[in-house]
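Trainee: Sequence:
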Amino acid sequence: MQYDVQDISPVERKIAVTVPAEEVNAAILATIAIYKTKYDVKGFRKGKAPATVIEGTFRGQIYNEATTDLINYHINEILNTLKLTPMSRITVDGGQLVRDEDFQYSLGFEIAPAFDLPPYTGLAVDEERAEVKDEELAEVERRILDNHATFKVLAEVRQPKDGEMVTVNFGAYRNGEVVAGIKAENFELPLGQAQALPEFEELIKSLTTGQSGEKDITFPADFINSDLAGQTVTMKVTLHAIKAKELPEMSDEVAKKAGFDTVDKMREAIRQSYLENRRQLHKSTAQKKLLDGLVQGLDFPLPPSLVEDRIDRLVKDLEYRLDRRGKNLLSLGKTMEQLREEFREEAVQGSRAELLLLSVAEKEALQVSPQEIDQALNRLAVQTRQDFMELKRYYEENNLVVPLKDRLIMDKAMDLIYSRAERREIDPVAPAAAEPEAKPKKKAAKKAPKADKAE
16 MQYDVQDISP
26 VERKIAVTVP
36 AEEVNAAILA
46 TIAIYKTKYD
56 VKGFRKGKAP
66 ATVIEGTFRG
76 QIYNEATTDL
86 INYHINEILN
96 TLKLTPMSRI
106 TVDGGQLVRD
116 EDFQYSLGFE
126 IAPAFDLPPY
136 TGLAVDEERA
146 EVKDEELAEV
156 ERRILDNHAT
166 FKVLAEVRQP
176 KDGEMVTVNF
186 GAYRNGEVVA
196 GIKAENFELP
206 LGQAQALPEF
216 EELIKSLTTG
226 QSGEKDITFP
236 ADFINSDLAG
246 QTVTMKVTLH
256 AIKAKELPEM
266 SDEVAKKAGF
276 DTVDKMREAI
286 RQSYLENRRQ
296 LHKSTAQKKL
306 LDGLVQGLDF
316 PLPPSLVEDR
326 IDRLVKDLEY
336 RLDRRGKNLL
346 SLGKTMEQLR
356 EEFREEAVQG
366 SRAELLLLSV
376 AEKEALQVSP
386 QEIDQALNRL
396 AVQTRQDFME
406 LKRYYEENNL
416 VVPLKDRLIM
426 DKAMDLIYSR
436 AERREIDPVA
446 PAAAEPEAKP
456 KKKAAKKAPK
466 ADKAE
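Note that the working numbering has the sequence shown beginning at 16, numbered continuously upward.
Everything labelled a hint here was simulated from the structure, so no lab data went into it. As the structure is a prediction and not an experimental result, all values here were calculated from the model. We treat Cβ as the ideally placed atom computed from N, Cα and C, and that holds for glycine. Don't take every hint at face value.
Stated by the list, open to error - Derived pair list, reagent style BS3-like, types lysine-lysine, alpha-carbon separation capped at 30 Å:
| id | residue 1 | residue 2 |
| --- | --- | --- |
| 1 | 272 | 258 |
| 2 | 167 | 303 |
| 3 | 342 | 251 |
| 4 | 271 | 148 |
| 5 | 98 | 176 |
To be verified - With beta-carbon atoms standing in for the labels, derived distance ranges:
| id | residue 1 | residue 2 | range |
| --- | --- | --- | --- |
| 6 | 319 | 415 | 19 to 29 Å |
| 7 | 58 | 111 | 21 to 31 Å |
| 8 | 128 | 426 | 38 to 48 Å |
| 9 | 79 | 52 | 11 to 21 Å |
| 10 | 386 | 167 | 49 to 59 Å |
Sequences and hints are given; from them, build the entire structure.
Mentor: In structure tokens, the structure reads:
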């Protein structure tokens, strides 16, 4: 086997391969031998059919498999010899093996560019000191009390208000007909928590106990239920009861319900949890500063597929976050091409950071063991409530183990850069005042399909 390497660009390689006829014939015969022991041929005992009969019976499959096996063998041999690691899928341009003839084909793929690593040890970086304020701890306690609150039905006949729970019957009507799935009886809804459309809550808050009312409500154009998006319905509601929230006093009993022995132990556990989270947050922020500083001075060509794959992930992440808010990509009013272009610079910088960390890992001979990969998969399985073995099998069958290994190696490289940095502890920085974000609208009858059974 002979090959010739062509540098198409700093990040692209093409390899022309020529396989002599002798090796071609050997590959075909090896595949025929496998078929001879693997498959039955009518008129012959298994494994006893002549090679010519096997070849004639399974010719198409044999030649396809022989071609694929030979190419894969050469790919591994060539890449190991040249010490090249493809950053993209390998494209193969060639035909099929033919007996007694040389076989020629070409391989094309992208590689990481060569670049000089900048100094990455002894870098200076500011890192905030981890602190927790008493008011933050008090807010956690308030949420714990809120989780153990009880609701008491009010005898007073009045209109409900935010912070209270209401029990209602409701139904949506269009042209006098009930809208399927938007109807429930004795439906409990906490007011003021954005669990329903604002117009629906306004209708409820306009009623007094025992009173009925109706109002035309238009669902948002990006409503999660596409059948109702942009549609106007008449919502009819009957208010049955108002329940006021009653918070318990903080006590050891409440602490036990929250999983702690005493109030003091609960407060200390909350404080330590806050501090640890802050330490990790400030560490991540410092690491990002270090990485951004290293990447800022780099300028080298990138494998196009590396950038495009990262853009794909950024778009998918955006799609996921929008979906959690009941929206979709169409709600942004932009084409896919516009979205991808907006993400391009972020993807370019992220790709350079990835290559830099992989280069640091290679220089420092960092490794990831099979046990570390299993540990990472086990953590993911716990987080996503999946079976570990099924998740591992999915990663193996979908060629996701190598990307996972790369991520773990990059984490090690980042930790190494961070550990060798000159970290200066600074006082916590007050968070900048953020503009209020409009809360995503949610449909009032989000849980109504389950309540339909009450009819």
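Trainee: Taking the hints in turn, state whether each one holds.
Mentor: The hints, checked one at a time:
1. 272 to 258: holds (23 Å)
2. 167 to 303: Violated. Residue 167 to residue 303 sits at ~50 Å, over the 30 Å cutoff.
3. 342 to 251: holds (26 Å)
4. 271 to 148: holds (24 Å)
5. 98 to 176: violated (70 Å)
6. 319 to 415: 19 to 29 Å: Roughly 21 Å apart at Cβ, these two residues keep to the hinted range, so it holds.
7. 58 to 111: 21 to 31 Å: Distance hint for residue 58, residue 111 holds at roughly 28 Å.
8. 128 to 426: 38 to 48 Å: violated (22 Å)
9. 79 to 52: 11 to 21 Å: The hint (11 to 21 Å, Cβ to Cβ) holds, given that residue 79 and residue 52 are roughly 19 Å apart.
10. 386 to 167: 49 to 59 Å: holds (55 Å)
Violated hints for the displayed structure, listed by number in ascending order: 2, 5, 8.
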